[in-house]
Amino acid sequence: MVRCARCVPSLVSLSRGSPARPFDDQAGTAWPEAPYPVLVVDRHGGLVRVNAAARLLLPDAARGDRLHERVPAWLSQAHRRLGDGTPGTFAGATAGRIDDRFFEAHPTPAGDGDIVWWLVDDTDRRLAETALSDARTRTDVLSEASSALLSTLNVPRCMEMAAAMAAEHLAEAAVLVAPAQGKRYPVTSARRGGPVTQSTQKVNVAEVPGLSEALQGFPPVPARWINPADIPGWVVPENFAGPVGSVIVTPLPGHGVPAGALILLRSGTEHVFSEGEEVFARLFAARAGAALSAARLYTEQAAITATLMHELLPPALRSVHGVEYAGGYRASRDHERVGGDFYDVHPGTGPAEETLVVLGDVAGKGLDAAVLTGKIRNTLHALLPLAEDHGRVLELLNGALLSSHHTRFATLVLASVRRRDHQVHLRLTSAGHLPPLIVRADGTVEEAATRGTLVGALPDVTAHTVRTVLAPGETCLLYTDGITEARGGPLGDELFGERRLRRALAECVGMPAEAVVERVQMLATQWIGTGRHDDMALVAFNARRNGSPTGVDGYGDSGRDE
Amino acid sequence: MTTTEPTEFTVTARREHAVLVVRVAGELDYDTSDELVDEVVRQLTAGPTPPAEVRLDFGALTWIDSSGLSALLMIHRRTSALGAVLHLDDRPEILERLLQVTNVLGHLTAPVADAERGRPEAGDGTSVARATGARAADTRTSDTRAADART
Numbered sequence: 001m002v003r004c005a006r007c008v009p010s011l012v013s014l015s016r017g018s019p020a021r022p023f024d025d026q027a028g029t030a031w032p033e034a035p036y037p038v039l040v041v042d043r044h045g046g047l048v049r050v051n052a053a054a055r056l057l058l059p060d061a062a063r064g065d066r067l068h069e070r071v072p073a074w075l076s077q078a079h080r081r082l083g084d085g086t087p088g089t090f091a092g093a094t095a096g097r098i099d100d101r102f103f104e105a106h107p108t109p110a111g112d113g114d115i116v117w118w119l120v121d122d123t124d125r126r127l128a129e130t131a132l133s134d135a136r137t138r139t140d141v142l143s144e145a146s147s148a149l150l151s152t153l154n155v156p157r158c159m160e161m162a163a164a165m166a167a168e169h170l171a172e173a174a175v176l177v178a179p180a181q182g183k184r185y186p187v188t189s190a191r192r193g194g195p196v197t198q199s200t201q202k203v204n205v206a207e208v209p210g211l212s213e214a215l216q217g218f219p220p221v222p223a224r225w226i227n228p229a230d231i232p233g234w235v236v237p238e239n240f241a242g243p244v245g246s247v248i249v250t251p252l253p254g255h256g257v258p259a260g261a262l263i264l265l266r267s268g269t270e271h272v273f274s275e276g277e278e279v280f281a282r283l284f285a286a287r288a289g290a291a292l293s294a295a296r297l298y299t300e301q302a303a304i305t306a307t308l309m310h311e312l313l314p315p316a317l318r319s320v321h322g323v324e325y326a327g328g329y330r331a332s333r334d335h336e337r338v339g340g341d342f343y344d345v346h347p348g349t350g351p352a353e354e355t356l357v358v359l360g361d362v363a364g365k366g367l368d369a370a371v372l373t374g375k376i377r378n379t380l381h382a383l384l385p386l387a388e389d390h391g392r393v394l395e396l397l398n399g400a401l402l403s404s405h406h407t408r409f410a411t412l413v414l415a416s417v418r419r420r421d422h423q424v425h426l427r428l429t430s431a432g433h434l435p436p437l438i439v440r441a442d443g444t445v446e447e448a449a450t451r452g453t454l455v456g457a458l459p460d461v462t463a464h465t466v467r468t469v470l471a472p473g474e475t476c477l478l479y480t481d482g483i484t485e486a487r488g489g490p491l492g493d494e495l496f497g498e499r500r501l502r503r504a505l506a507e508c509v510g511m512p513a514e515a516v517v518e519r520v521q522m523l524a525t526q527w528i529g530t531g532r533h534d535d536m537a538l539v540a541f542n543a544r545r546n547g548s549p550t551g552v553d554g555y556g557d558s559g560r561d562e
Numbered sequence: 001m002t003t004t005e006p007t008e009f010t011v012t013a014r015r016e017h018a019v020l021v022v023r024v025a026g027e028l029d030y031d032t033s034d035e036l037v038d039e040v041v042r043q044l045t046a047g048p049t050p051p052a053e054v055r056l057d058f059g060a061l062t063w064i065d066s067s068g069l070s071a072l073l074m075i076h077r078r079t080s081a082l083g084a085v086l087h088l089d090d091r092p093e094i095l096e097r098l099l100q101v102t103n104v105l106g107h108l109t110a111p112v113a114d115a116e117r118g119r120p121e122a123g124d125g126t127s128v129a130r131a132t133g134a135r136a137a138d139t140r141t142s143d144t145r146a147a148d149a150r151t
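Chains as they are written, first to last, in the working numbering: chain A, 1 to 562; chain B, 1 to 151.
Everything labelled a hint here was simulated from the structure, so no lab data went into it.
Fair warning: there could be bad hints in the mix.
Stated by the list, open to error - Across the chosen pairs, the derived CB separations fall in these ranges:
| id | chain 1 | residue 1 | chain 2 | residue 2 | range |
| --- | --- | --- | --- | --- | --- |
| 1 | A | Leu491 | B | Ala81 | 39 to 47 Å |
| 2 | A | Ala441 | B | Glu16 | 39 to 47 Å |
| 3 | A | Leu313 | B | Ala81 | 45 to 53 Å |
| 4 | A | Gln526 | B | Thr10 | 32 to 40 Å |
| 5 | A | Arg519 | B | Ala81 | 46 to 54 Å |
| 6 | B | Glu16 | A | Arg503 | 44 to 52 Å |
| 7 | B | Thr10 | A | Gln198 | 53 to 61 Å |
| 8 | A | Glu507 | B | Thr10 | 36 to 44 Å |
| 9 | B | Asp34 | A | Asn239 | 57 to 65 Å |
| 10 | A | Asp389 | B | Arg42 | 41 to 49 Å |
| 11 | B | Asp34 | A | Pro232 | 49 to 57 Å |
This one's a predicted model, so the numbers in the text were calculated from it and none came from an experiment.
The beta carbon of each residue, even a glycine, is placed where N, CA and C say it ideally should be.
Using the sequences provided together with the hints, build the complete structure.
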């Protein structure tokens with residue numbers, strides 16, 4: 001008997017006030033007043049006694065009734081098993097539903113073969129357990145959602161996963177509406193067990209109650225206020241099971257701006273969304289919104305960077321009018337800081353015309369530097385007709401770049417190049433840039449004696465142009481300080497420096513321009529090792545070795561040796 | 001003497017009557033140049049009267065890149081607007097080389113122009129740094145004349 005009293009779960013006995021003393025002590029006088037429904041049943045299944053609490057539970061039950069006519073089968077069958085004398089059956093309680101409550105039934109023998117059934121209401125514990133298990137499931141779903149959604153920075157993929165997870169865990173179908181792109185809305189629909197479809201539709205979001213508010217990030221309209229009959233057809237996914245029974249619309253909060261809205265649908269045959277489910281839907285939406293807006297921000301930035309990088313990407317160089325040009329560009333590994341090195345080769349209109357080579361470096365990093373680089377390249381392109389006078393070009397460029405807001409400047413080298421016979425005639429001008437280096441046929445490396453002011457920061461600039469001639473096998477190199485200031489070497493923090501660059505160039509006599517560029521790049525890269533570095537750009541050119549000086553013959557050689 | 005991070009960037013400013021002395025230590029680059037400009041501008045506008053002279057002391061400068069030079073150009077704009085003369089003192093080789101190549105030393109340390117100052121100012125060479133005076137003078141004249149002479 002004591003054992004059976006102990007069988008009553010402590011949770012219930014505390015809340016319900018279990019019998020203070022064993023049943024036997026009461027000599028059958030306690031149970032009629034017991035707060036538990038108690039049924040005394042004879043060995044043949046006839047009801048002997050029904051206490052007050054049991055009468056509240058089973059109003060029709062009366063003495064002499066057959067047990068199986070008054071109680072659910074789980075209890076009458078348990079009683080029959082006891083009657084059969086199956087051993088061990090008194091050891092445990094049996095449990096089941098009576099109406100909408102859940103009971104544990106504890107049998108105790110009462111002499112004469114009668115059995116006293118104590119019915120302990122277990123509904124609240126069951127509910128608590130269900131709620132706990134639900135909460136655990138939801139927590140699992142939320143953390144799964146976060147880790148799954150945050151693992152992608154691809155916006156469509158993120159929307160697809162969010163809709164699929166919402167359809168799986170929150171509703172029968174989920175529709176994710178992203179903020180409008182122009183007049184169209186990206187709509188991602190998922191049905192539980194079905195495929196996810198993504199499309200961009202010209203839909204009227206005002207048709208769905210609460211949707212336009214949710215897309216603006218306003219608090220959600222409670223589900224019970226949305227009439228399922230008001231839901232337009234575009235919201236309901238194909239093959240949705242029957243008419244919509246209940247709907248939730250919740251915003252996807254982003255970083256400062258809404259990341260979209262989530263519409264959850266259940267058909268008429270499913271139960272309507274409870275308040276708890278609405279709260280859960282909002283929690284899910286918060287995670288999905290955070291992931292989506294992270295993906296969107298990343299995508300936007302990546303697109304901007306890609307556009308800029310594409311614009312900044314130096315052109316592929318080739319031979320022009322008998323001169324071989326080669327360029328090398330190694331962008332800083334620091335991707336968020338787009339550097340400002342650039343070069344361009346503007347071929348002369350004919351072999352007798354000069355080709356203008358530009359190599360430069362914009363101060364600073366990132367967007368500002370990229371914008372300035374673009375401006376410089378465009379301006380120089382427009383100034384090409386004036387390229388005969390480098391000083392004038394730089395003056396005009398300087399004027400175009402001056403700004404009262406900043407002192408961001410650029411340094412650059414202009415090289416006007418023209419081949420005559422086997423020689424290459426050069427005009428070189430540095431505007432605050434490292435002077436070009438010239439590898440002579442005897443292996444000496446000269447620094448072109450050109451000097452000039454950087455452009456873009458001072459009201460006036462001056463520049464001095466030098467002329468020189470490249471004999472066959474001689475090469476001119478334009479480079480940015482990313483090469484000479486490359487940090488590395490055995491100690492990891494030493495500059496590559498001009499001396500090493502010159503030494504490397506001295507070994508490049510007679511090499512094709514491309515080989516010179518590759519050699520310098522290779523040495524600088526080896527020097528850096530795994531360290532960080534700035535942008536590195538270089539352009540080399542020399543007389544094309546094989547073949548005739550293309551097209552030069554027809555134009556005469558007037559004015560060589562100027 | 002405590003050992004600190006050798007590349008740590010610091011700006012220390014002190015006002016001696018009409019002279020503002022700003023000591024710049026460490027690496028003046030993309031990450032630190034704004035700090036220098038902000039501090040100098042703050043000092044320029046701090047007192048009741050702006051300084052007549054601003055001396056940037058680069059004795060402990062270990063590195064400067066193009067962003068750092070851009071900062072110096074901005075400081076020059078600010079000091080000129082107030083009529084203060086800028087001096088670049090105790091320049092290390094790295095700064096000297098950068099100023100030479102970019103050809104801005106003359107501009108940065110020139111006496112304040114009449115238009116900017118609002119009153120005529122005579123004399124030159126007030127900006128020549130102690131350690132590298134000869135080199136600085138050479139740089140200033142090299143814009144046109146020296147370059148022409150070289151060819």
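| Satisfaction of the hinted span 36 to 44 Å by the C-beta atoms belonging to Glu507 of chain A and Thr10 of chain B | The hint (36 to 44 Å, Cβ to Cβ) holds, given that Glu507 of chain A and Thr10 of chain B are roughly 43 Å apart.
| said: For the hint 46 to 54 Å, verify it against the beta carbon of Arg519 of chain A and that of Ala81 of chain B. | reply: Holds - the Cβ-Cβ distance for Arg519 of chain A and Ala81 of chain B, about 48 Å, lies within 46 to 54 Å.
| task | Just tell me: holds or violated, for the beta carbon distance of Glu16 of chain B and Arg503 of chain A against 44 to 52 Å? | result | 47 Å, holds
| task | Just tell me: holds or violated, for the beta carbon distance of Asp34 of chain B and Pro232 of chain A against 49 to 57 Å? | result | 53 Å, holds
| Are Thr10 of chain B and Gln198 of chain A spaced within 53 to 61 Å by their CB atoms? | For Thr10 of chain B and Gln198 of chain A the Cβ distance comes to about 54 Å; the hint holds.
| Gln526 of chain A and Thr10 of chain B, beta-carbon distance inside 32 to 40 Å? | 34 Å, holds
| field | Whether the CB-CB distance between Leu491 of chain A and Ala81 of chain B falls inside 39 to 47 Å | value | 44 Å, holds
| field | Asn239 of chain A and Asp34 of chain B - C-beta distance against the hinted 57 to 65 Å | value | 59 Å, holds
| message | Can you tell me whether the CB distance of Asp389 of chain A to Arg42 of chain B sits inside 41 to 49 Å? | response | 43 Å, holds
| query | Does the hinted range 39 to 47 Å hold for Ala441 of chain A and Glu16 of chain B at CB? | reply | 58 Å, violated
| Cβ separation of Leu313 of chain A and Ala81 of chain B, checked against the hinted range 45 to 53 Å | 39 Å, violated
In terms of the numbered hints stated before, the structure departs from hints 2, 3, listed from lowest to highest.
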